[in-house]
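Protein chains in written order, with the numbering used here: chain A, 2 to 343; chain B, 190 to 665.
Honestly, I wouldn't trust all of these hints.
What the hints assert, rightly or not - With a straight-line Cα cutoff of 27 Å, these simulated DSSO-like cross-link-like pairs (lysine-lysine) come out: (1) 332/B / 6/A; (2) 219/B / 5/A; (3) 6/A / 215/B; (4) 112/A / 38/A; (5) 5/A / 461/B.
Bear in mind the hints are in silico, worked out from the structure with no lab data behind them.
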Amino acid sequence: MMYKKYLQWLLLFTVLGCAVVMVFNYTADPFRYYTSKPVSLEDHLYRRYKMPGVVRNIEFDGVIIGSSYSQWIDPNVTARNLGGTWVNLSLQGSTLYEQYLILHKALRTGKVRKIFWEMRLDAFLSAREQTAIPAQTFPYYFYESTILTPFEYLLSIDVLKRSAKKVLNFSEAKTLYEPDKYNAGRVREDYCRQVNEGPADIEYSYETLVQNYFFNIQSLVSRYPDTEFILYFPPHSNLYFEFYQQYLPTKFKASLDLRRLLYSKVLDYDNVALHDFQAIENMAEDLNNFRDLSHYNKPTIERILLHTAFEGFRVTFESKDILQTRFENLIYKMVTIPACEN
Amino acid sequence: MLFNSYPFIFVFLPLVFLCCYTLAQKGEDKWISYALIAASLFFYGWWKAEYILLILISVTANYWISEKIRHGQNARQFMWAGIVFNLGLICYFKYTFFFVENVNYLAGTGLVIGQIILPLGISFFTFQQIEYLVDTFKGNTKKSKFSDYLLFVTFFPQLIAGPIVKHNEVLPQIKSLSKKCFSSENIAHGLGFFIIGLFKKVVIADSIAHYATPVFQAAAMGETISFAESWIACFAYTFQLYFDFSGYCDMAIGLGLLFGIRLPINFNSPYKSVSIIDFWRRWHITLSRFLREYLYIPLGGNRTGKYRQLLNLGITMFLGGLWHGAGWTFIIWGMLHGAFLIVTHTLLKVTSVRLPRSLGVFITFFVVALFWVMFRAENIDAALTLYQAMFSFSGFDLNHIQPGLYGFSMLAALFFIIWLLPNSNEIMSYCPYGEKIEPKPISWRPDLYWAVALSCLAVLSIISLRQVSEFLYFQF
Chain A
2 MMYKKYLQWL LLFTVLGCAV VMVFNYTADP FRYYTSKPVS LEDHLYRRYK
52 MPGVVRNIEF DGVIIGSSYS QWIDPNVTAR NLGGTWVNLS LQGSTLYEQY
102 LILHKALRTG KVRKIFWEMR LDAFLSAREQ TAIPAQTFPY YFYESTILTP
152 FEYLLSIDVL KRSAKKVLNF SEAKTLYEPD KYNAGRVRED YCRQVNEGPA
202 DIEYSYETLV QNYFFNIQSL VSRYPDTEFI LYFPPHSNLY FEFYQQYLPT
252 KFKASLDLRR LLYSKVLDYD NVALHDFQAI ENMAEDLNNF RDLSHYNKPT
302 IERILLHTAF EGFRVTFESK DILQTRFENL IYKMVTIPAC EN
Chain B
190 MLFNSYPFIF VFLPLVFLCC YTLAQKGEDK WISYALIAAS LFFYGWWKAE
240 YILLILISVT ANYWISEKIR HGQNARQFMW AGIVFNLGLI CYFKYTFFFV
290 ENVNYLAGTG LVIGQIILPL GISFFTFQQI EYLVDTFKGN TKKSKFSDYL
340 LFVTFFPQLI AGPIVKHNEV LPQIKSLSKK CFSSENIAHG LGFFIIGLFK
390 KVVIADSIAH YATPVFQAAA MGETISFAES WIACFAYTFQ LYFDFSGYCD
440 MAIGLGLLFG IRLPINFNSP YKSVSIIDFW RRWHITLSRF LREYLYIPLG
490 GNRTGKYRQL LNLGITMFLG GLWHGAGWTF IIWGMLHGAF LIVTHTLLKV
540 TSVRLPRSLG VFITFFVVAL FWVMFRAENI DAALTLYQAM FSFSGFDLNH
590 IQPGLYGFSM LAALFFIIWL LPNSNEIMSY CPYGEKIEPK PISWRPDLYW
640 AVALSCLAVL SIISLRQVSE FLYFQF
């Protein structure tokens with residue numbers, strides 16, 4: 002065979018092979034980049050891959066963003082309280098940078114009017130451009146759409162495996178909301194589990210919080226002045242604060258620093274509201290609101306949304322000292338510590 | 190830009206190739222090298238545009254110095270000035286932090302330096318230019334145009350990971366870039382090499398890394414490693430490194446061929462070596478050549494007595510280790526190889542007993558694999574943790590990796606590949622510029638079967654470029 006003929010065959014087979022993979026993946030579309038179907042709240046796996054498709058294909062003007070705390074924030078309930086059409090883009094275990102990436106993609110569509118954004122400490126503790134999954138596997142190609150995006154998505158063996166599973170009807174793991182699991186007994190169990198595991202405190206620098214704030218929050222706030230950013234501190238059980246004070250003093254200090262940072266920064270902006278739901282005593286003290294030290298139930302979410310709708314616990318120049326005092330009273334109040342067996 | 194990236198494979202390479210091919214078809218020969226220079230600088234600047242200036246300064250300074258040397262006046266001083274300039278550059282970017290860290294440790298000082306980002310490929314293009322200066326001083330180079338010299342240093346297939354090419358291997362080819370370089374034969378060979386290299390890198394090396402990386406990371410964090418894990422990680426890394434680096438070199442050779450330039454071979458089945466001396470003739474061949482010709486021989490080589498020869502070997506391997514990275518693990522790794530070389534040379538001199546070939550291969554592979562642990566470990570403590578696990582029979586628990594049947598089969602298959610199959614140079618019947626090679630039994634031919642086989646490898650490699658992972662910190 003002459004070299005030219007050989008090259009033609011090589012090119013033809015390679016292009017054909019790639020085309021077969023691409024067509025199969027496109028048809029199955031396991032990460033819903035081309036499908037205009039919403040992703041359910043129960044569907045918690047691979048949300049970093051699925052959410053860009055949601056932004057691309059679904060109609061909305063409000064975005065719920067955060068970590069697993071925000072998983073059960075129902076867009077319909079949010080719409081009832083805050084108006085508009087909402088979509089929940091929360092990402093389990095996400096860093097602030099990952100939240101920034103998906104928010105930025107949503108904001109670039111020009112249709113976002115409101116953002117309901119959870120201010121969780123752990124999201125601020127990574128470097129300002131760090132992802133929770135390894136950077137080399139993070140699907141940047143979905144977030145910064147280029148001419149290569151379809152190739153990077155559709156020409157992937159991992160996507161091919163997911164397509165095959167989807168076509169063969171292998172069910173993907175889902176989490177169901179189980180109201181029974183939210184009770185004081187489980188919270189105390191979680192406290193003891195963490196004590197027995199031997200809590201490891203973090204290495205922390207205030208600079209990381211500041212850099213995260215400027216890079217991932219303020220940059221969006223100032224770039225999109227017509228969008229209303231509703232930031233909030235998610236509620237935690239009082240045992241959470243007790244545990245942090247006792248076993249993770251550095252992380253506890255970081256949580257106080259984060260509050261101080263946001264209190265001092267966000268009041269400068271007209272398009273930002275900050276709500277402090279960590280200052281609600283009866284929310285933190287009723288352990289039946291929680292599944293563990295910090296994940297709260299749907300009724301708590303509804304209370305949060307109601308408070309937000311009526312500007313409750315909003316940090317303003319007038320309310321900030323009162324809220325801070327309420328918070329300090331709550332965290333330094335004597336708590337009944339569970340008796341843990343080793 | 191990496192060879193195994195979407196922008197490179199789907200945009201950069203096709204565009205540059207088409208551009209050069211078109212120029213060649215139109216007979217615009219001199220524009221081919223200009224296009225390649227522009228492409229190479231773009232390729233280099235993709236990562237950090239400001240470092241284009243650095244490489245241009247380095248190339249211009251070296252070219253100017255080489256011209257001064259060629260004119261003969263104060264040639265020796267100019268040569269030394271050039272060497273100091275190049276070593277200064279590499280020392281500043283690569284070793285400043287390491288130096289300050291050690292000074293602080295020894296003197297108890299608190300010297301702080303700003304972040305220095307290591308420019309890609311500086312170790313390669315610096316050595317390449319030192320070779321050129323020394324050879325110019327010896328009168329072994331011919332005068333070249335600046336543009337030819339610039340392309341010789343920056344030619345993108347070999348710019349960031351070698352091979353470390355010599356002027357006489359590449360410059361004559363650059364000077365004669367023309368339509369005939371873009372023959373179907375060259376393109377077919379080049380694509381074959383590139384596909385095999387890409388497969389080695391993204392399918393083999395990146396897959397086997399899953400059985401090495403977690404164990405080395407765990408050792409760095411002071412976690413307990415089991416006997417089984419330590420050995421699996423040791424062998425997995427031994428394969429990962431080889432298939433990663435040799436895959437990259439295969440891609441470099443393939444890319445060179447696409448533009449009609451034959452680069453030197455850098456790997457020649459190193460794990461088939463019968464001794465450590467043989468290993469260094471087969472592993473990273475162009476680096477070994479540099480160390481031999483520009484360090485070991487100038488130090489006196491084997492011409493200054495047997496003890497001095499052993500010392501020269503030790504010094505060469507010490508610096509060879511340091512070249513690989515600014516860290517004590519690399520230095521110790523180099524010294525371990527130096528010690529093994531010294532022992533082997535000594536044994537060869539004092540005894541006439543020769544090991545059977547297969548035993549030699551086994552021992553060499555085994556020792557080289559052991560040394561890779563030091564090379565890969567994050568620090569000396571992590572390396573010692575692994576060595577301790579390897580020789581203390583600390584159980585068979587697999588807490589950090591789950592190779593399963595697939596993983597063990599893959600490891601077994603890789604032993605088969607490295608010991609029993611021909612390497613990519615043999616398969617592709619590749620001979621560097623000015624050399625000849627005998628065809629091997631399993632040789633690539635431009636037929637339908639090879640087209641199907643290579644396109645399968647190509648598709649598998651392309652679809653393995655991207656991986657998917659999930660953050661699973663909380664299972665409900």
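Do the hints match the structure? See the list:
no.: 1; hint: 332/B / 6/A; result: 41 Å, violated
no.: 2; hint: 219/B / 5/A; result: 26 Å, holds
no.: 3; hint: 6/A / 215/B; result: 23 Å, holds
no.: 4; hint: 112/A / 38/A; result: 18 Å, holds
no.: 5; hint: 5/A / 461/B; result: 35 Å, violated
In the structure shown, a violation is registered for the earlier hints numbered 1, 5, in ascending order.
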